[in-house]
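2 protein chains.
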Amino acid sequence: MTNIAKPVPRSVLTRLTHYYATVQSLRSAETEWVSSTELADVLGLTSSTVRQDISHLDFAGVSKRGYETSGLEAALASALGADKIWNLVIVGAGNLGRALALHEEFQRRGFVIHAVFDDDKAKVGRKVGKLEILAMDGLAAVVRKRAIDVGVIAVPGPSAQDVADRLVAAGIKGLLNLSSVHIASPDDVAVSDTRIIASLQELTFALMAKV
Amino acid sequence: MTNIAKPVPRSVLTRLTHYYATVQSLRSAETEWVSSTELADVLGLTSSTVRQDISHLDFAGVSKRGYETSGLEAALASALGADKIWNLVIVGAGNLGRALALHEEFQRRGFVIHAVFDDDKAKVGRKVGKLEILAMDGLAAVVRKRAIDVGVIAVPGPSAQDVADRLVAAGIKGLLNLSSVHIASPDDVAVSDTRIIASLQELTFALMAKV
DNA sequence: TAGATTGTTAATCGATTAACAATC
DNA sequence: TAGATTGTTAATCGATTAACAATC
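Chains A and B, in that order, are what the protein sequence lines are.
First residue of the first sequence: 7, per this note's numbering; consecutive thereafter.
First residue of the second sequence: 7, per this note's numbering; consecutive thereafter.
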């Protein structure tokens, strides 16, 4: 029986990714059962929130025992698409772009990087791991041929919107934005921001409040 | 006159970093005034939310004109601590750690990276830009001598909590967590998560919903 | 069985939005 | 001045928490 989708609010979705990471840790520690209270304690939530969130999944716990970690992991993986392969390209062969291309956790989690693009003539043709850096004019062909799902924007802020537009024009429906500027996109294109600089600013805000 | 701090909710704080990035773009385009409606349109919010958020700042707009971008930028910078210098160390000299150490946007925004640590003997002594990779046992001394504010955790998930503990033990009050696991920390230590993998999972969730 | 934990409903809390008087 | 936009209060909306019956 499939869950009739109550829409999943963004706050819940974010927590689902937390549960997924946590349950994976539990699994690798061979823990077979976890209760809503235990998950809540680890992540700083209430058990009530955890139970509400898990009710969005096509998965049920067991009275008195809690949740079986293997089933919960599978249900979370399925909800998040973590049990699928996703095809990525990275635009921007600077430090960040190259680091992500080489970051083996991506591959391990089903995010396959098919190409790295850059318009800097000096970079085109060089290697990043096993991938050759390609010129931007090859983008559309790669996206089509490899059925690319996600474009990673790893260029400086001033170029980010332009790169986003070219990725969208090439037919990509998902953008991961590593730059610090806001990306505008059509309604049918999803954008996720990593906001590294913004995270640091939230941190320094907290540090100042602390004094 | 200082704003008597109504506490700033996390959701507002996150938007303040968005406003800051946006206002900086406006400023570099030499735009002198911006209204709450314009900011809202750019960022996909309501003007009401924008005005509420800005009311947390020690800064006032002008009827009929909106907000002067220079003053708003300064007020946001002050609130976020973006007008200060922050001292960082990075732990983990893998692809991600090295990329951040070389990422010039950090320096440009007042985040000064003082050292990169790694316990891999093969890496210690090598250079990352102008910095030499140091062994972890030198951490406490550097933190004390350089008055380090923030520790960046750029190690694989399984080591992340251990690294966090060592950074906290060395006296650091702010952690930027680049790993995909949740970090537990004492109440007086602030943690900010970048969650690159989680961002991708939120994206793939959206892509699946779209089909 | 008794007790612990889920799933879910209802209550609370907080954040967002609407509305409008103040104002430049 | 007239009109546009802020700042703020009140209303709405949605998310979190509490509570408890169901249940294994």
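Honestly, I wouldn't trust all of these hints.
The list treats identical chains as one, so a pair stands whether inside a single copy or across any two.
[To be verified] In silico EDC-like links for lysine to aspartate or glutamate, alpha-carbon gap of 16 Å or less:
1. LYS127 <-> ASP143
2. LYS12 <-> GLU111
3. LYS216 <-> ASP193
4. LYS127 <-> ASP193
5. LYS133 <-> GLU36
6. LYS129 <-> ASP143
7. LYS179 <-> GLU111
8. LYS151 <-> ASP64
9. LYS133 <-> ASP168
10. LYS179 <-> ASP193
11. LYS12 <-> GLU74
12. LYS216 <-> ASP194
13. LYS70 <-> ASP143
14. LYS90 <-> GLU111
These are calculated hints, taken from the structure and not from any lab test.
Verification of the supplied hints:
Taking the closest pair of Cα atoms, LYS127 and ASP143 come within 16 Å of each other only inside a single copy of the chain (12 Å); across copies the shortest separation is 42 Å, beyond that limit. In the homo-oligomer, the alpha carbons of LYS12 and GLU111 never lie at most 16 Å apart, since the shortest distance is 31 Å inside one protomer and 41 Å across protomers. For a Cα distance limit of 16 Å, the shortest separation of LYS216 from ASP193 across copies, 11 Å, qualifies, whereas the shortest one inside one copy, 40 Å, does not. Within a single copy, LYS127 and ASP193 get their C-alpha atoms no closer than 33 Å, and across copies no closer than 49 Å, so neither meets the 16 Å cut-off.
In the homo-oligomer, the alpha carbons of LYS133 and GLU36 never lie at most 16 Å apart, since the shortest distance is 40 Å inside one protomer and 39 Å across protomers. For the identical chains of this complex, LYS129 and ASP143 are intra-copy neighbours only, at 14 Å inside a copy versus 38 Å across copies, given an alpha-carbon limit of 16 Å. Taking the shortest Cα distances, LYS179 and GLU111 never come within 16 Å of each other, neither inside one copy (23 Å) nor across copies (28 Å). Within a single copy, LYS151 and ASP64 get their C-alpha atoms no closer than 34 Å, and across copies no closer than 53 Å, so neither meets the 16 Å cut-off.
Proximity of LYS133 and ASP168 under a CA criterion of 16 Å is satisfied in neither setting, with 24 Å inside one chain copy and 34 Å between copies. For a Cα distance limit of 16 Å, the shortest separation of LYS179 from ASP193 inside one copy, 10 Å, qualifies, whereas the shortest one across copies, 40 Å, does not. When the C-alpha separation of LYS12 and GLU74 is checked against a cutoff of 16 Å, the pair qualifies neither within a copy, at 23 Å, nor between copies, at 43 Å. Only between protomers do LYS216 and ASP194 lie at most 16 Å apart by alpha-carbon distance; the minimum there is 8 Å, versus 42 Å within a single protomer.
Taking CA atoms no more than 16 Å apart as the test, LYS70 paired with ASP143 passes in neither setting, with 59 Å inside one copy and 46 Å between copies. Taking the shortest Cα distances, LYS90 and GLU111 sit within 16 Å of each other inside one copy (15 Å), while across copies they are farther apart (34 Å).
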